[in-house]
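Student: Residues per chain are reported as follows:
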Amino acid sequence: MKRREFLNRIAFGTLITGGAVVTSAVLQIPVPQTGAGSRRHGIGNINQYPLNHFTFLPEKNIYLYRDRKGIKAVSAICTHLGCILQRSDAGFRCPCHGSKFNNRGEAVSGPAIRDLDWHSVIREPDGRIMIIEDISVSPETLLEI
Amino acid sequence: MTESDYTLTGHFKRAVIIGGCAVILVLLLMIISESGLRDWERFQEDYRSLLSDTLPDGGKIQIRQIERAELQLVDRCPTCHIGLYDSRLINQPLPLSSHPGDWFITHNPDNYGCSACHGGRGRALDIAHAHDTSINNPFLPSRQTWAYCGKCHLTIFPSDFSLTGADRLAAGRTIFLENGCQGCHRIRRVGGMHGPDLTDLGSRTLASFDFHNINGPYRIEIWHREHLRRPQDISTGSVMPAYHLRESDIDDLILFLRGQFRPRFPLRYIAMPMIREFKNERSEIAHDQLFSRLCSGCHGTGGMPDSTRTVPFYVPALANPDFQAVASRDYIAFTLTEGRSGRYMHAWTSEVSGLIASEILALMSSVRVMRPPGPDLNRIRRESGISGPGAELFSENCRMCHETGEGIRLAPNILSDGFLTLATDSYILANIVDGRANTAMPAWRTFSERQLADLLMYIRSQQIDPMRPLPAVQLNGNISRGDSLFYYSCSRCHGENGAGGIGPAILNRDFLRMTGPAFIVATITYGRAHSAMFGLSGRGIKNTAGHKREITDIVTYMYSRQDSIADYIPAGMVLGNPDRGKSLFYRRCTECHGQYGEGSKGPALNNQEFLNAASNGYILATISIGRRGTRMPSWGRGTADYPLLTPQERQDIVAWIRQWQTIRIKRDKRWID
Amino acid sequence: MPSVKLPLSALERTRAISKNFFLHIHSARLDPYVLKPNFTFGLGVVAVSLFIILMCSGILLLFYYTPSVERAYFSILDITYVVSGGRFLRNLHRWSAHGMVFITLLHLARVFYTGAYSRGRGLVWYSGLILLILVLSFSFSGYLLPWDQLAYWAVTIAANIANATRELGLPAYIDPGRFVKNILLGGEQVGQATLTRFFMLHVVFLPVSTLFMLGYHFWRMRKSDGLCTPVQLSSQKSEESSENTDPDHPDKTKWLSWPVLIWAETAIFVGTLAVVLFFALLLDAPLRAIADPALPDNPAKSPWYFLGVQELVSYSAFSGGIVIPLLLLTGLFLIPVFDHEDTAAGIWFSGGKGLRITLLSVLFALPAAAGAIAVSSLSTAAFRGYTFLTILINPGTMLTLLYVAWAILVGKRYRSSRFSAIALFTVSAVGFIVLTVTGIWFRGMDWQFSWPWGV
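Chains as they are written, first to last, in the working numbering: chain G, 14 to 158; chain V, 14 to 686; chain W, 3 to 457.
Hints listed in this document are in silico derivations from the structure and should not be mistaken for laboratory results. Glycine residues also receive a C-beta, built at the ideal position from the N, C-alpha and C atoms. Check each hint, because a few of them may be wrong.
[Stated by the list, open to error] Some chain G residues flagged as far from chain W (calculated, every beta-carbon gap over 10 Å):
hint, residue
1, GLU18
2, VAL150
3, GLU157
[To be verified] These stretches of chain G come out as covered by chain V in the derived footprint (C-beta under 8 Å, 3 or more residues):
hint, segment
4, 52-61
5, 64-70
Next comes chain G alone, as it looks inside the complex:
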């Protein structure tokens, strides 16, 4: 009896383990490999961005501001539900639920309560200027030009 019981246990155990492995493998399949795209963005020639103006970068969902002192980059994604912000007279507004932000990225009214993320703008050693989305910086951090 012992052997039968032993065999039962082994067979059962193998089934369970195999099942668990198969299940976990299968569960991986629907998870998308979101090629979320690179989180570092080159902005190209700085002169193409007009001065004293928030330029929208469509693929990256970032607003870039350039003035005589330098450049800064703020996220264009509403902190409420992730809709893309549009410009308004005094800052940004979200078309989904009407959240409003000022030019410093602070949430002013509407359902959004977190302020906008400002992104780090750095100059690479080869001279290119990059926006790094992964690094959040304090509001209105400027890269001097």
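Given chain G, put chains V and W in place with the hints provided.
Tutor: Leaving out everything else, chains V and W in the frame of chain G:
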């Protein structure tokens, strides 16, 4: 089973009967509405009875469609428009009539489909859905079909445009270009930034237009019409002026606007010139059209703003003769290429505006050309002038800077012998009429020949000694010695870069060009009596060969600098007292220019780009001569309401204004010629 | 031609029922009480009828629909304009789908108010709740398939609601909302991956799961003696053993399923079919412009059954989008756990007192919900930067607390878990309806309050 079972079952059976009948009825109605009663079947029947002919394509009453996979369209238009190809039906009412004109020769529907040119929902089979105007590629009624020619044929950059049969589209294009719309609205990478990019305007759907302030029907054409009539009411926050166009012009313009498309069809469908424009190989804009295309929207046609179509912000009149008198080419180039921060004038460099270098330089020339030409100097004879009126002219226009009495002088004494014995008539006239760039000497172009002759006569009448001969000069001196000599001897009065200070600007290009080495050598040698310019002769200083060599070195150095371009526009030395200038400014200038120079009725003077573009001389000249036709009085002459400011006061105000400059902006050397 | 001999005697009929593959989901005999129209309103049968109609119309639509972002919209156009009867087929499918969600919710309410989850029917209730989730998933996955502006932005918004945990600012790898959103969308944005997934769900996974679950639901019901009828009748049953399907020992107090129940179900099916066909004939399913990711709808609204949640989300993303809906679902699941009183099971509102409590609860819930919506238009400037404060204190959570307080009050006053459950269910339902109605008709651009008849 009890009695009640049967009753209840009976109820349900009855319910099934009623429900079943309802189902059958509804299905019957559906079948009926789908067979034989549909419009397109009627039309095909009409065709058949009209021509007692079989229908095309086999004669059955069926759906007919044109499929063009590469254009991504399936057009079922021939299902209703059954007579499309049949020229016998030319006089029939729609939809049986054949297609008018000879369009099929060049645009055969088998190659192009129908909805490419007419819009609409090709897949639909009833008129409401097929002629839908609210979808992407909306249907255009026949009087507007020309707009869709733009999908393949429209070019923006050549001077003219003609397309057989599309005259109204071409007319709309002309209206667009002449009114300076491209100055705010970018098209195909060229244009300004204040309005939305119009490159793909024709493909915008109805839902993307904001109809909040429009009371009419919900159609794209209505939006455009209302927007062109009163843009600031329709688009909140817009500064676009109302252009007061005629209705027919608006119609044509709407065609043009709705004809803006990116190429979406395979390239062999698109006209080559249009392909080139999108591949960034566009033709260069004709230089004489640049200003009207890009600037006239704000600055007015020919540089004079039109009072009927003003923008709600201050815009200088570029063709104003007083502006043109004081603005140097450097000033214009700098303002054009750096813009004005915080104002609507943005930088018109290649990266921002899409213009190429030759176009930008041509734009600068277009502005310069607005300067009045002035009289022909060769025809002026001093002898014909009368001194009396000349004296009046001198008092009126020249004395305010070339003050001959006591007190500070803003400009050299041109009535002194030291000057007059060396200056020829043509030299004096050239100075008056061309001025000196970046100094306070304006270019006086509004004097007539007569007036110039009088002025010249008067000036000459002040000369006592006869003309002195100008020496022969060869520019063979040692430049580096000349450099250090200049630095030690000349720059104290003439400014570090010869940009002027106590003495006039002498490394000024205009000066060097007009004056000539001989005059300069003579001036250095003899000096100017009763001024700070001491000479190297007279008073016992012998005119030795060593001195001669030094003078040659200095002058050689000066002319070696003639073509050098400084990094910054030379402002010149500040000679006034800013504190006095501050109180003067508060008393006299803030009414129009704001308490901190931020501008209200008058332009902003504390703008950094302005301060970098304008030399002290520019500011001084503007204050002194004013700007006719505007509210800026001539403070050098004085009026009843605005009494004159003395030269010292004007210098003080300039010093105060200069205090507002906080940054120095380097000139972009690409735009200097 | 083979002769079909219809069973006539009671014995033959009971045998037909119990031995036929399709019919044996019914019991051979049934309690007459269950056929009273004002008892169940036939809602369950209507739901199954709609499901059958949806399956059939869906299969027919499958002949022409293409789940690719370039072709989906145009295949719908072709169905509408070219396919014979295509317009009606599509309308039929659409209105049946809306009806399905609506009827399922009504059925849920009916089962709750008659207390039919008690007396051992807990598993029926759970399987029913799972079916509710499946129906909502069905409707949601089908909503995207036409790939027009309505579809695209509805799904975008709903996915963003799932992503409401972003408000907490969690790092990406442990953010469950983000995970759910990515799984749903197959990426960061609605695109081809989303369409493929939703199509697979709508056409394979959900039908199979629903059929399976329906089978279990019916089986469980059969195991619990059919529909839950009031006690006084079942006291008669308790003398006999549990459901007697033995055709040799019939319980003669009950009706034969054949013919009564068969005809009843047929009548309801035909009636449902007639009604939805009528709608399909008269009303066209909406189809707006083709989906344009660059042109957001404003206001962008999720499907109507999610608009209550979207309204809550406009107060606070995390609490309104995740916490409160989860609480609702959990509450529903836990009802049989907390309510053990089954004496009044099968009676609407558990009697007159229950009816009074229901009405009182409605009267309480309506102004409370309206008040919450009014409060929501106040400025939240004071909460700037205090994320957790807003998550805790906002009109949604306040309303929830109010309702829970009401339910506890009622429970204490009447010392009954059933009445407490009735109170809680009623106020939640009314609140949710008010929020949904607001979301549908009273929210305009930028989600600002606006009257439905235009300004």
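Student: Hint by hint, where does the structure go against what was stated? Just the numbers, ascending.
Tutor: none
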